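Q: So you can see what is in the structure, the chains are spelled out below.
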Amino acid sequence: MTYILKEFRRHLWRTVAGISGYMIATLFILLVLSVSRPNENDSIGILKGTGTHFIVYIPSNASCCVSCDNESSDGSLVAEGVYTLMLNSDLLTSIKEIEGVRDAAPYLLYRIFDENLKSEVSLGGIDTNSIATKNNVCTLTNLISGKYLSGNVDEIVAEESFAKAHGLRVGDTLNVYASKLKLAGIVNSGIKPGKADLYAPIENVRTILKERMKCISPGFDMNIVLVEVTDARIQNRVISQLKEKMSYLSVSSYNCYQPASEVMTIMEGTSTVLTILIFIFLIIFSAKTQLTSLMERFREIGILKSLGWSNSKLSFQILFISIIQSLTGALLGVLFGLLLILLMKNYQIRLFNLMEFQLQYNSIPVLIVLSLTGGLIASVFPIIKLYSTKAGDMINNYM
Amino acid sequence: MSEFQIECISLSKKFTGNSQTVNAVDGINLQIRKNEVVLLKGRSGAGKSTLLNLMCGLIKPTHGKVMIDNNCINELSSNALSELLLNRIGIIFQSFNLLPTYTVYENIEIALVPRGLSRKMIKESIMSFMEQFNLKDKALLLPSELSVGQQQKVAIIRTLVKQPSIIFADEPTGSVDDLTAGEILGHLMYLKKEKQVTLVVATHGNIQEKFADRILTIENGHIIN
Numbered sequence: 001m002t003y004i005l006k007e008f009r010r011h012l013w014r015t016v017a018g019i020s021g022y023m024i025a026t027l028f029i030l031l032v033l034s035v036s037r038p039n040e041n042d043s044i045g046i047l048k049g050t051g052t053h054f055i056v057y058i059p060s061n062a063s064c065c066v067s068c069d070n071e072s073s074d075g076s077l078v079a080e081g082v083y084t085l086m087l088n089s090d091l092l093t094s095i096k097e098i099e100g101v102r103d104a105a106p107y108l109l110y111r112i113f114d115e116n117l118k119s120e121v122s123l124g125g126i127d128t129n130s131i132a133t134k135n136n137v138c139t140l141t142n143l144i145s146g147k148y149l150s151g152n153v154d155e156i157v158a159e160e161s162f163a164k165a166h167g168l169r170v171g172d173t174l175n176v177y178a179s180k181l182k183l184a185g186i187v188n189s190g191i192k193p194g195k196a197d198l199y200a201p202i203e204n205v206r207t208i209l210k211e212r213m214k215c216i217s218p219g220f221d222m223n224i225v226l227v228e229v230t231d232a233r234i235q236n237r238v239i240s241q242l243k244e245k246m247s248y249l250s251v252s253s254y255n256c257y258q259p260a261s262e263v264m265t266i267m268e269g270t271s272t273v274l275t276i277l278i279f280i281f282l283i284i285f286s287a288k289t290q291l292t293s294l295m296e297r298f299r300e301i302g303i304l305k306s307l308g309w310s311n312s313k314l315s316f317q318i319l320f321i322s323i324i325q326s327l328t329g330a331l332l333g334v335l336f337g338l339l340l341i342l343l344m345k346n347y348q349i350r351l352f353n354l355m356e357f358q359l360q361y362n363s364i365p366v367l368i369v370l371s372l373t374g375g376l377i378a379s380v381f382p383i384i385k386l387y388s389t390k391a392g393d394m395i396n397n398y399m
Numbered sequence: 400m401s402e403f404q405i406e407c408i409s410l411s412k413k414f415t416g417n418s419q420t421v422n423a424v425d426g427i428n429l430q431i432r433k434n435e436v437v438l439l440k441g442r443s444g445a446g447k448s449t450l451l452n453l454m455c456g457l458i459k460p461t462h463g464k465v466m467i468d469n470n471c472i473n474e475l476s477s478n479a480l481s482e483l484l485l486n487r488i489g490i491i492f493q494s495f496n497l498l499p500t501y502t503v504y505e506n507i508e509i510a511l512v513p514r515g516l517s518r519k520m521i522k523e524s525i526m527s528f529m530e531q532f533n534l535k536d537k538a539l540l541l542p543s544e545l546s547v548g549q550q551q552k553v554a555i556i557r558t559l560v561k562q563p564s565i566i567f568a569d570e571p572t573g574s575v576d577d578l579t580a581g582e583i584l585g586h587l588m589y590l591k592k593e594k595q596v597t598l599v600v601a602t603h604g605n606i607q608e609k610f611a612d613r614i615l616t617i618e619n620g621h622i623i624n
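Going down the list, the sequences are from chains A and B.
Counted from 1, the first sequence has number 398 at position 398 by my numbering; the numbering is strictly sequential.
Here my numbering runs 399 ahead of the position in the second sequence, where the first position is 1.
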């Protein structure tokens, strides 16, 4: 041990060079992670929720509201322009049980031809508290005037386009669905798979449509299930599982989750690849440093071998020197990294005026372990060389 | 059981470089008894140093083997060879092979460190030899701060301090004046006489033949007499 410490002192510049290599690599990885991880997390946070929704229904070739009792009806249950069957509420539980499903909500979408408005009017019954409703139909944040659904029995909100087409204003009373419905607010929900003209809480819509939906039986009180998935990257898997379990269901989704998923995979991959590349560079650099150090000490080590120093004793020296250098380098790299990130945060320096540096505390132990691993791997080749070369050859440099 | 302490059997060593092969040692058979002093004479490049390196296991023979106390050193494990070099064999190199960044004391100390002796014992032993060789006041100097003769003495102390039973010395008086050469040879003869050490000394001719029990002349890798 004494000789190892003396070795550091005697070959100060070689020691400094060895430590610097680890320090620079650690510092670089820390900076890369501190800039890439937070920005990656922000971006992924946005992309993760992109297109993570779809609707589920059973299409039919005829309106179930008519076919049951052969009575004529001026309306029907629809989804994406086609007739649908009613769904059992047990389906919600089954869908929620699928891994990766964040939420599932019931939706009742009915369309009639209204004589007063002289046009088709679709009424959507929604669960206002569900995240699945938010992304598939509409939500409070889509409100552009008036107020959102508060639960009052006769209250509805209308899509902006529908309101404009029929000259409706907040506070107007609509005579549709044989009911007098008060327009509480106007929303613009954008492009959503479950879009309707008018929305009301699902319980109210069930009451409004009670007389029209003669074919329903207990438990069958929705025609669409709105589904929200936890991550865009698993949406495909969730849809496949759903189809596998319930092949009779039709699934409709806007495919924007696919590019989002691809971008996320690329972003995560880039950061990982960058870390791996720096790690490989670190190992190559430190192995080279250790080997150069061994070459410089080759004759010296040969002399020690000729004096009876065993290969294991000398290997321990090489390994210990390498590990001490890598540990010192990693600790210094972390220290400088901390200072640098702190300075950049204080002076609000951003990369490309956009990306902020944010210290990743959880990466510090990983970096130290990486550096130690680098030190360990770096000493392997010199040790093999030491074992395979005779003392005399080392002294005379016959290699 | 062989009566010889050292035996070289059909020992050969070839060096290849730049598409040229040199037979530095070529089929040498040699037996040396315990406590014998053997002088290997020959011109530069005759193969003396290579033979010495082969005999103490520092290099691997191309052909043949070396037996020390009936053990083939070419078949020993690296640990067993280290053990042999640490406890039984002493080597005095022609070019001293002192470590330039170590002090005189440390250069000698490294020969005893692997034995795991106490610092006190190591110090006593080293200082006693340094006193005998008049180097006591040079302990903290670097080799570069010594004269060539003093460096030679340090290299010899490093070997003697281990108290080996066999010493291989390559031109031990090659770079020193007659007075120092006499002093060094005196020490070696003392070891032969008092400690029953076996000595194999390579020289190009500056050591008087009266010191040797046997003189062998080497030429082109062969023993010619």
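Hint data in this document are derived by calculation from the structure and do not stem from the laboratory.
Predicted model, so just to flag it, every value in this text is computed and none were measured.
Please note that a few of the clues may not be correct.
[Stated by the list, open to error] List time: in silico EDC-like cross-link candidates among lysine to aspartate or glutamate, alpha-carbon distance up to 20 Å:
{"id": "1", "chain 1": "B", "residue 1": "Lys609", "chain 2": "B", "residue 2": "Glu435"}
{"id": "2", "chain 1": "A", "residue 1": "Lys390", "chain 2": "B", "residue 2": "Glu505"}
{"id": "3", "chain 1": "B", "residue 1": "Lys464", "chain 2": "A", "residue 2": "Asp393"}
{"id": "4", "chain 1": "B", "residue 1": "Lys537", "chain 2": "B", "residue 2": "Glu505"}
{"id": "5", "chain 1": "B", "residue 1": "Lys459", "chain 2": "A", "residue 2": "Asp90"}
{"id": "6", "chain 1": "B", "residue 1": "Lys594", "chain 2": "B", "residue 2": "Asp468"}
{"id": "7", "chain 1": "A", "residue 1": "Lys313", "chain 2": "B", "residue 2": "Glu435"}
{"id": "8", "chain 1": "A", "residue 1": "Lys390", "chain 2": "B", "residue 2": "Glu474"}
{"id": "9", "chain 1": "A", "residue 1": "Lys313", "chain 2": "B", "residue 2": "Asp468"}
{"id": "10", "chain 1": "B", "residue 1": "Lys413", "chain 2": "A", "residue 2": "Glu160"}
{"id": "11", "chain 1": "A", "residue 1": "Lys6", "chain 2": "B", "residue 2": "Glu530"}
Q: May I ask which of the numbered hints given earlier this structure violates, with the numbers listed in increasing order?
A: Violated: hints 2, 5, 7, 9, 10, 11.
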